[in-house]
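Protein chains in written order, with this note's numbering: chain E, 1 to 166; chain D, 1 to 779.
Wrong hints could be hidden among the right ones.
Stated by the list, open to error - Which residues of chain D face chain E? A few of them, derived with a C-beta cut under 7 Å, are:
1) Gly10
2) Leu14
3) Asp31
4) Pro34
5) Gly246
6) Arg673
7) Ala709
8) Ile712
Please keep in mind that the hints were generated in silico from the structure rather than gathered at the bench.
The C-beta atom is built at its ideal place from N, Cα and C for all residues, glycine as well.
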Amino acid sequence: MTRITLTVNGRKHVVEAEPRRLLADVLREDCGLTGVHIGCAHGACGCCTVHVDGSPRLSCLTFAVQMDGRAIRTVEDLGGTEATHPLQQAFRRNHALQCGYCTPGFLMALLPFVEAQVSAGQMPDDDEIREAMSGNICRCTGYQGIVEAVRETIGDALAAKTEAAQ
Amino acid sequence: MKAETPRQIGARVLRLEDPRLLSGRARYIDDIRPANCLHLKFVRAQVAHARLLDVDTSMLADLEPAVTVFTGKDIGKLSMKSHQDYPEMQYAEQPLLAQGRVRFVGEPIAAVLAEDAYLAEDAAEMVFADFDFLDPVTTMEQALDPAVQPLFDHWKNNTWVERQMKGGDLQAARAAAAHVIRRTYTNQRHTGVPMEGRGVVAEYDPGQRFLTVWSSTQMPHLVRTYIAEELGLPESRIRVIAPDVGGGFGVKGQVFGEEVLVAWCAIQTGRPVKWIEDRRENLMASIHARDHRHTLEAYVSAEGRLLGLKADITVDIGAYSTYPFSAAGESGMAAKVMPGPYDFQAYEATFRSLATNKCPNGTYRGVARPSAVFSQERLMDDIAREIGMDPIAFRLKNIIRTFPYRNVLGFSYDPGSYVESLEKTRELLAPDFARASATAGDPNRRIGVGIACFIEQTAHGTPDFTRRRVPIETGYIAARLEVMTDGHVLIDLGLQNHGQGLETTMAQVASDALGITPDRIYVRHGDTSAPYSVGTWGSRGGPLGGGAVHLAATEIAGKMRAIAAHLLQAPVGSVQLGDNKAFVSDQPDRFVDLAYVARSALRNVDRLPEGMAPGLAAEASVDGPKDGSYSNAVHAAVVDIDLRTGKLKLLRYVVVEDCGTILNPLVVDGQVRGGVVQGIGSALWEHFVYDAEGQPLTTSFADYLMPQAPEIPMIEVHHFETPTSLTPLGAKGLGEGGAIGPPAAIANAVTHALDIGVTGTPLTASVLWHLAKTAREGG
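Okay, chain E solo, but in the shape it has when bound:
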């Protein structure tokens, strides 16, 4: 057992973990963050994506002990129980989810992409949006609603930026 300290969604957690224990299991079982979903446990589907120090990372391919001292963010932190984050709201408006199992992984994988586009003041084309989600598998939606949600979120944010600048 190894004692590690993780900052998860802004809160400090001290966890005793076997070296082989997956970050996904520690987040789900020790921290109670069951929005982290395991789809394949071999790094191919993206369901378990979380942020480590702001970057997307597959929590099924990460040992918890590697994360000592790191800051981790999960889907639970985005927009609370009502899912108020603009990207979550855009997912809802565009029917970008059906069963919802892959959804936390898509949100966590796409959020840094959305933020980077907005801060660069760019509207990506559909191919770029699709490429940004190429590490995630959704079996329900056929991806179309997700593409539309990303486009809409970036569009709204760019419009707000323009308005603020005027």
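Once you have looked at the hints, place chain D on chain E.
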């Protein structure tokens, strides 16, 4: 029903279930964590076919903390049984843990229970099985070879069942034909692969003698009945709950041996038991689908009229018969639906299901129809090519135009938009046909346009299952509605929602009848606390579940109007419901809140009309019409193929569909698009490959390739809306249709692009490379 609030049915209502799914607050099976739970890991067969001589668990004896292990010796006669009552069908059972023989890689041999999932997995690796190897049966040819030993000792060969369906005079059709076109088409073994695998948690309360089972299933009541019968428990003391389910697609529309065994283990050990399937197990041992070979012979007149069709249908069902659709279901369904949307009155089909040493074959979105439509629609194009007709003109010449239409097997088709859908597709695709013509002689690239025109029998119910003698036996869907003292509504729905938006669409349906807004309607589902129903599958939720909700809500609405009329001192006929109020028509100021009406019905019953019983609850069920209700669609694919490499790009995908009354266009379009993309996977990539020893070679997502966002185009969806008179709301089913068309449409587009008749799927990169090479050298 008049209502002041805008009509909910047909509106693009955003889904009520989304916030919990988006926020990470949904509860899936792996999120069910009873205290003091044991974790179960299966030891599964590593060989396809062998006598099982011994299972050695001695190495587990001294482990700390202690583990529990069960093998086939411990379970008595517990097994999965799924027998269709056909005289020709050979009977077989699957013991819940193998006894004496294993018949596919992945068959459970032992169950190891430990304090956590990691330890269970460690311990499972210390169980050793002693096998005496048998020759595996891994191909249809081997299964059909009379010299090959049957999978089951008491069987006479490796055919589960072989039967015929026929109608009309095929000899006369053949005699009258100017053209006889014979082709063989194949579809590969693949399946739904939901992003969440299966999982079961069971807890037994010995004081109450009550068993609670959570399972990631589409059919909780059937799981309850099977467990009760197999374990000899009263069904009143079992509750099965499907929590949030991370995709099903038919894969979870079976009762699995694991569900029964985990429940049994919880009773045996006196502790909660949890099993979460890992992805490797899911890919090799949950349920596979398709794996069809069809030989079709069409008889066509000189004028291009289809006179008759002969079909020989073979399906590789694998090692066991799955419950409740059985080993006969898939091939029988293909034979039943092969006549499709075309007008001809001579048909003869022989269908057979074969036993091989592979994972059992069961239901996946479309159930046999993607394969039947592939063959039917490839054949239509092959005939058109052979007799020199335009494929759409050939279809229009043979399409059914008058309704109700009695097909060659006696099934009655309710009205649809068959002709309109074909003509609309032709109009939408005109620019693409022009683009295709422009590349016809291009040495480097070809564009092709392909269509698939099909119908889908939906909303089928008891009469259909009785006719086919399917173990499921019945098909009704029930719902119970209860208005609470505060005017909020609880719907206990006999369906299970795993992405279809039922929490929203069923609230819309209830809202229109009750005059209560959807935000006050809570839909509880996936729980045997709801009235008995067979679950969510077969494109039946909207038409049958929606119908049941509508009928129960209408009954309650009648009582609310009677109470309101009494309270308002107005004639019942003048009272309308809407916007959470009951009001007198034309006098909107004379109203009473429905919350007040509800409280009067349940608490302040002194306010009720004299003699009226308290309560505001009703239950209703709706079964499928005799022959179901037929949705129709045309799919069109436009492909661009690089002749040098075979690389295929999907330029465009168009759907023109008709599912009758649309309950919620957001949900309908989502179902269609999601189905289409799964169908694109069927057409191009998804394939469970076995080697000659029966070893599965596709047991991870690195090998089993599913559609990912970059390869997929936007899917255009167009609607016709022909309500059916056969269901309460005019709705037909639509959950599966999207997945049915793509293999045929894409294969026809490739055929059109390369001028080579495609005979099977998947059209993988290597297949396309060979086709392109042939086209290049031929052209």
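- [ ] Using Cβ atoms only, decide whether Ala709 of chain D comes closer than 7 Å to chain E, and label the hint accordingly.
- [x] holds (4 Å)
Task: Interface restraint verdict for Gly246 of chain D against chain E (beta-carbon cut-off 7 Å) - done: holds (3 Å)
Open item on the list: Hint validation: Arg673 of chain D versus chain E, beta carbon distance must be below 7 Å. Holds or violated?
Closed with: Holds, about 4 Å.
Open item on the list: Next item in the hint list is Ile712 of chain D. Is there a CB on chain E closer than 7 Å to its CB?
Closed with: holds (6 Å)
Open item on the list: Can you verify the interface hint for Gly10 of chain D: is its Cβ closer than 7 Å to any Cβ in chain E?
Closed with: For Gly10 of chain D, the interface hint is violated, since the closest Cβ of chain E sits about 16 Å away, which is over 7 Å.
Open item on the list: A closest beta-carbon separation below 7 Å is what the hint needs, so does Asp31 of chain D meet it against chain E?
Closed with: holds (4 Å)
- [ ] Mind checking the CB of Leu14 of chain D against every CB in chain E and telling me if the closest is under 7 Å?
- [x] holds (6 Å)
TODO: Hold the hint about Pro34 of chain D up to the distance rule: shortest CB distance to chain E must be less than 7 Å.
DONE: violated (13 Å)
Hints 1 and 4, counting from the list given before, are not met by this structure.
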